[in-house]
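Novice: Given these sequences and hints, build the entire structure.
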Amino acid sequence: MADQKPDLNEDSNVLESHAELASSASSARENQLQENGMEPVSLWIILACFFGVLVGGTVLGKSGGFSYNNLTAKGYVTSQPEGGLEKAVQPKPIIDVFAKNGAKIYSAKCQGCHQPNGLGDGANFPPLGNSEWTTSNTLAFSQIILNGVMGPIEVDGRTWNGAMPAQAAGMTPTDLAGLMTYIRNSFGNSTGDVISIEMAENAIAAYKERNSAAPITVAELESKYMSDLEGAVVDPAVKVDPETLIPVAE
Amino acid sequence: MDPQRDTPLKRFSSLWIGLFILLSFGLGALVVAPWLNNSNVEDEALQSEYDVRLATKAEIDQGQSDFLDAAAAKTAFSHTAKQLLGQNASATSQVVPGSATDLKANSAK
Amino acid sequence: MSNDSTKSIDAGLRTAIDKSVSNPVMFFFTSGAVWLAVSVLLGVFTSVKFHTPSFMECFGGLTTGRAYAAHINVLVYGWCFQAAFGTIIWLMSRLTRKEFKSSATVLVAGHLWNVCVGLSLVGILIGKSTGVPWMEFPKFSWVIFLILYLFIAVPVFTQFRVRQGGHVYISQWYLLAALFLFPWIYGTANIFVHVIEGSAVMAAAVASWYKFALIFLFFLPIAFSAAYYIAPKVTGRPVYSYNLALLGFWALVAIGPWMGMQELVGAPIPAFLPYVGATATILFFLPAITVGLNILMTIKGHETLAKQSPALRFTTAGTFGLLALGGFAIWLNLPSVMKGTQFTITGYGFEMLALYGVFSMLIFGAIYFIVPRVTQREWLAPGFIRLHFNISVYAVIAIVIGSILFGILLPGVAQEQFSASWKSSANANLASDWFNTVTWLCALIANVFFCFHLALMWARLGRHSKHPTLLVDHHGGSAHGADGKVQNI
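Chains as they are written, first to last, in the numbering used here: chain A, 1 to 250; chain B, 1001 to 1109; chain C, 2001 to 2489.
It is worth saying that the hints were derived from the structure and are not from the lab. Be careful, since some hints might not be right.
[To be verified] Facing chain C, a subset of chain A residues (Cβ under 10 Å, in silico):
id, residue
1, A28
2, R29
3, L33
4, I45
5, C49
6, F51
7, V59
8, S63
9, S67
10, Y207
A virtual CB, placed ideally from N, CA and C, is assigned to each residue, including glycine.
Specialist: The following block contains the structure:
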């Protein structure tokens, strides 16, 4: 009856009817917010929390102490993998070690002209495989590398007229030995021998003795340098430490 | 229902109490900052080395700037540039490895 | 007084309160949704850049670094903060049973907040970011944000002090805690990173602490307060256990400040710091499980209602997300697994689970409850709400599988192989990066519908109706007929 004639009805509440008119439908249908749920904290939750605290405490224990000076936690860095350290000092045959070093030098200095496959470019730069200059007379070969070559040179049945610059700058005996070993055992060459560091040192000494800025010519090579480098012959199968190049006793 | 809770004094005090609580940590941090050991121990130890290096660098910089004659440099650059511009490009017989000529010769072979 | 009259006076009071906060609340929700859209777009762009760096190279200035910084910062300072503000204001006003008198102040502060976020976003995109994670906005912005925050927070605190009645609701504990903790966290972080010159490595540590403190001591408490309001309100049941709520609250407040430095495990900072952070994040399991179970047990028995009411649906999903977050908080911080969170996308996935999977889902629930009351219209299309919900859930699942699980299992494990090259572990990132793109694409689709729907409500184009918009199956029949055509308003 309150909605028919509110003013005339004594038990109507103006506050109420105003509120009814002023309120939105969504507010009217809302539930009251209740908070007083008194379920006890379940034992399972306490156990789960205890488990969490246990795991957390274990992790804290791994920190290695409350110290501002300790910057690394014990055991954080994984230990070396199995056989990892041993692999580093695995001795290898000297011919493989030298050839590997030589390959690096080749790709840095030589492959621009002589190509990665050692075939040269067919017009200016001769091939290095099956060439007498690389496979015999190691002294001549070393002087070609160190001094460079000018003028006609016969390789693979053809005459080549290129100009090879000197490669002696920055070439250590180890580098030279590795380079010569590599070339003499790749691109179709298979001399199977090793140019030792002693031989390379002799080669560099001969280069210094020549003491000329001009590249070497075939005539000069044929007159003075057609021989092998002096030095003790090294058994190519000897095993060495790849880092120090020192022979390792079996 | 407690209408007496909402007084202007209450609102005024809430403003300042609120501001104080909200800003207290920041103010505290700024107050405490000078007492913090915020320097790097290693940096301090190496400071003498830094000083030597920086002194040397300053000396070098001074010497170089003293030697630099801007007017002469400008003359040199403009003269060289004119010379280069005056030169014509000419062909050379040296074949650069990997150039078009070289590759053509290779593929022709 | 009769129960009916109390109810109608209550309804009138509620409506008056809703009217007093309608402007700031709707403003914050709508502009927050727009920032969410911007952030999600940037997120899609960034995630594609992770696996296809040449994507849209024509925009030379928009590199991965800038897009990622913009994405995160707009997500946090644009969407998360504004959604939080809207929720705080409405919840505090309702729970103090008084009209909110400072709407104008808050509204002005909100508009200035938008301006500042916009300017700072432009600042990042042109290259002026500070490079500090989650604090990449240019240096000037932190002071402005702090001052604007004061203009919003102090009126809310005043509202609390002048509240009607003595009882302090569970939601209010969380709101007050969040309100006070934020300036402490924000001020401390910015002062020690930007103002006081110290060791740069410790500045990085402070930044990573800030990240977690912001999530777990500001955003999540506000989300919990929304959940603690919606769940008992919609179901009409009391909260399952008051003691559990007490335990959860104090656990979160005690544990939260210690979290954060586990991101820097292995960095040249004192070793105990990351491990303390890891322990605290593991202990987050406590509040996660207490709050999660409390809410779920409140909803238990009302599963149909949880399916039908959009607010309750999102709240339930957010609570499950919270339980997942608690579980991952333990797993990801075990020392053997922690390494995988450093250089992989896992850390990002965990933060996104917290921000999107928990905070955003719970706030969406609050928004779907609050907006009809504040605009006095009902939501227009249950289909939009359903799409928003389903695709958001897909996005969260993609975060969990792609970023968190794949992030550890593939690149994390690959990075620990000493014999393999680093490059091969970088390739292992592809799976999680593609999943990340899926996540943000899903979020984009969901957000398009949400934004559009919210914009319609903001323009007061919602349904005039006594009946709420529920996600019912129309086979069950409803007052609006099989097609939703209005028959009995």
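Novice: Each of the hints needs a verdict: does it hold here or not?
Specialist: Okay, the hints, checked on the actual structure:
1. A28: 4 Å, holds
2. R29: 7 Å, holds
3. L33: Given a least distance of 5 Å, the restraint on L33(A) holds.
4. I45: 6 Å, holds
5. C49: Nearest chain C Cβ about 5 Å off; hint holds.
6. F51: 8 Å, holds
7. V59: 5 Å, holds
8. S63: Nearest chain C Cβ about 3 Å off; hint holds.
9. S67: 7 Å, holds
10. Y207: 39 Å, violated
In this structure, the one hint that does not hold is number 10.
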